[in-house]
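Chemist: Letter by letter, the chains look like this.
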Amino acid sequence: MSKDMKFLVVDDYSTMRRIVKNLLHDLGYANVTEADDGKTALPLLQNGSFDFLITDWNMPGMPGLDLLKAVRANDKLKKLPVLMLTAEAKREQIVEAAQAGVSGYVIKPFTAVTLKEKIDKILGTMAA
Amino acid sequence: MSENALRAVDRLPIDPTNGPQLLEQLQDLTLNLRSALDRFRLDSRLTRLAEKEVPDARERLNHVLKLTDQAAHRTLDLVEKSCPQADRIAKEAGSLNEPWSRFRAGTISVADYCDLIGRVDKFLVSAQVDSESVRANLNEVLMAQDFQDLTGQIIRGVVTLVTEVEVVLIDLAKLSGASGIDMSPTAEELARGTGPVVPGVEQGAATVNEQADIDALLSDLGM
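If you read the sequences in order, they're chains A and B. Just so you know, my numbering puts 127 at position 127 of the first sequence, and the rest follows in order with no gaps. Residues are numbered in my numbering as their position in the second sequence, beginning at 1, plus a constant of 1000.
Please keep in mind that the hints were generated in silico from the structure rather than gathered at the bench. Glycine residues also receive a C-beta, built at the ideal position from the N, C-alpha and C atoms. Check the hints yourself; a few may be wrong.
Straight line, CA to CA, 27 Å or less: simulated DSS-like cross-link-like pairs of lysine-lysine [as the list claims (entries may be wrong)]:
#: 1; chain 1: B; residue 1: LYS1091; chain 2: B; residue 2: LYS1081
#: 2; chain 1: B; residue 1: LYS1091; chain 2: A; residue 2: LYS21
#: 3; chain 1: A; residue 1: LYS3; chain 2: B; residue 2: LYS1081
#: 4; chain 1: B; residue 1: LYS1081; chain 2: A; residue 2: LYS21
#: 5; chain 1: B; residue 1: LYS1066; chain 2: A; residue 2: LYS39
#: 6; chain 1: A; residue 1: LYS116; chain 2: A; residue 2: LYS79
#: 7; chain 1: A; residue 1: LYS21; chain 2: A; residue 2: LYS76
#: 8; chain 1: A; residue 1: LYS116; chain 2: B; residue 2: LYS1091
#: 9; chain 1: A; residue 1: LYS3; chain 2: B; residue 2: LYS1091
#: 10; chain 1: A; residue 1: LYS79; chain 2: A; residue 2: LYS6
#: 11; chain 1: B; residue 1: LYS1081; chain 2: B; residue 2: LYS1122
#: 12; chain 1: A; residue 1: LYS108; chain 2: A; residue 2: LYS3
#: 13; chain 1: A; residue 1: LYS116; chain 2: B; residue 2: LYS1081
#: 14; chain 1: B; residue 1: LYS1081; chain 2: A; residue 2: LYS6
#: 15; chain 1: B; residue 1: LYS1066; chain 2: A; residue 2: LYS21
#: 16; chain 1: A; residue 1: LYS79; chain 2: A; residue 2: LYS90
#: 17; chain 1: A; residue 1: LYS108; chain 2: B; residue 2: LYS1081
#: 18; chain 1: B; residue 1: LYS1066; chain 2: A; residue 2: LYS108
Which bits of chain B does chain A cover? Going by a derived footprint, with three or more residues having C-beta under 8 Å, they are [to be verified]:
#: 19; region: 1069-1076
#: 20; region: 1105-1117
#: 21; region: 1194-1202
Could you build all of it, start to finish, from the sequences and the hints given here?
Modeler: This is the structure:
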């Protein structure tokens, strides 16, 4: 996968968006856009050509799970890799995210290594 | 005063044979008075909490949000400023390695030697400037952590208040006779998200502790 890939990072906390953006830059992904919840992310996804979505779960407006379902229900977006980056840690939530078609799930607090591993794994699965 | 009055009423020297009705009425009056006083005490505590202390606590917590947000952004600014400076030092030092090795081995040409001297001169200056700047940024990162002292004090105050509210609510629950309410999160709450796991706090549903548990669960689900 190319390092020119376009990422969308969705989190209601601007500090978390900056952290993820910095980590992505360190991994060589310089093309990163931010959104603060599902409602602002969805039009960006529909109108842009994003290659990867990283989203929080618990956000005002539209939560990450609803955003994931909206992405999977959209013909243009349904194959977009979606990594959930969240503090939500209940088993039934993780199962629900998996059933909704999440590509990967990282629990907060997380490390740079975990984020890299999950992104690489998702991209590896896509390339296979 | 009111407790004393109640005790005095309880101790009234009434002869039951002479005034059974009066005794009954007085006992009723005592009970009513006691429960009215209990309610009044609860009411005044509730009023004070609702009108003053809970709104104050909300403002205090908003201030905590602001302070932590500012500190996090200040730290991120400094990290973003420092990273290119550290990268520059590493990159230039790395690029000097190869000609420097040739110089040490005595195999460097005169032209490359002159070039190397010029680059080392520049590097010594730029490395000093960059590393001093990184050091200053690290000092500022250190100072950006001073929020914890202030927010810690504010949060401790709010914890004390929450404890008091808890006592009042328990009293209210006792008055209303409510008990045995299911505390598990609803499906809707789970879908919106219920926030991070907090040690010692009952989550009302099975939770996973770390990334490895999630990976195992997803693997069980075929992912």
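Chemist: Hints first: check each against the structure and report whether it holds.
Modeler: Each hint tested on the structure:
1. LYS1091/B to LYS1081/B: It holds: about 16 Å lies between the C-alpha atoms, which stays within 27 Å.
2. LYS1091/B to LYS21/A: Between LYS1091/B and LYS21/A the Cα gap is close to 22 Å, so the pair holds against 27 Å.
3. LYS3/A to LYS1081/B: Judged against 27 Å, a Cα distance of about 23 Å means the pair holds.
4. LYS1081/B to LYS21/A: Within the cut-off at roughly 15 Å; holds.
5. LYS1066/B to LYS39/A: holds, 24 Å
6. LYS116/A to LYS79/A: It holds: about 20 Å lies between the C-alpha atoms, which stays within 27 Å.
7. LYS21/A to LYS76/A: holds, 25 Å
8. LYS116/A to LYS1091/B: Distance ~23 Å between LYS116/A and LYS1091/B Cα, so the pair holds.
9. LYS3/A to LYS1091/B: holds, 21 Å
10. LYS79/A to LYS6/A: holds, 15 Å
11. LYS1081/B to LYS1122/B: Roughly 21 Å separates the two Cα atoms, so the pair holds.
12. LYS108/A to LYS3/A: Holds - the C-alpha atoms of LYS3/A and LYS108/A are around 25 Å apart, at most 27 Å.
13. LYS116/A to LYS1081/B: holds, 23 Å
14. LYS1081/B to LYS6/A: Measuring from Cα to Cα gives roughly 24 Å; hence the hint holds.
15. LYS1066/B to LYS21/A: holds, 22 Å
16. LYS79/A to LYS90/A: Roughly 26 Å separates the two Cα atoms, so the pair holds.
17. LYS108/A to LYS1081/B: holds, 25 Å
18. LYS1066/B to LYS108/A: holds, 21 Å
19. 1069-1076: holds (count 4)
20. 1105-1117: violated (count 0)
21. 1194-1202: With 4 residues closer than 8 Å to chain A, the region 1194-1202 of chain B meets the three-residue bar; holds.
When the structure is compared with the earlier hints, a violation turns up for hint 20 alone.
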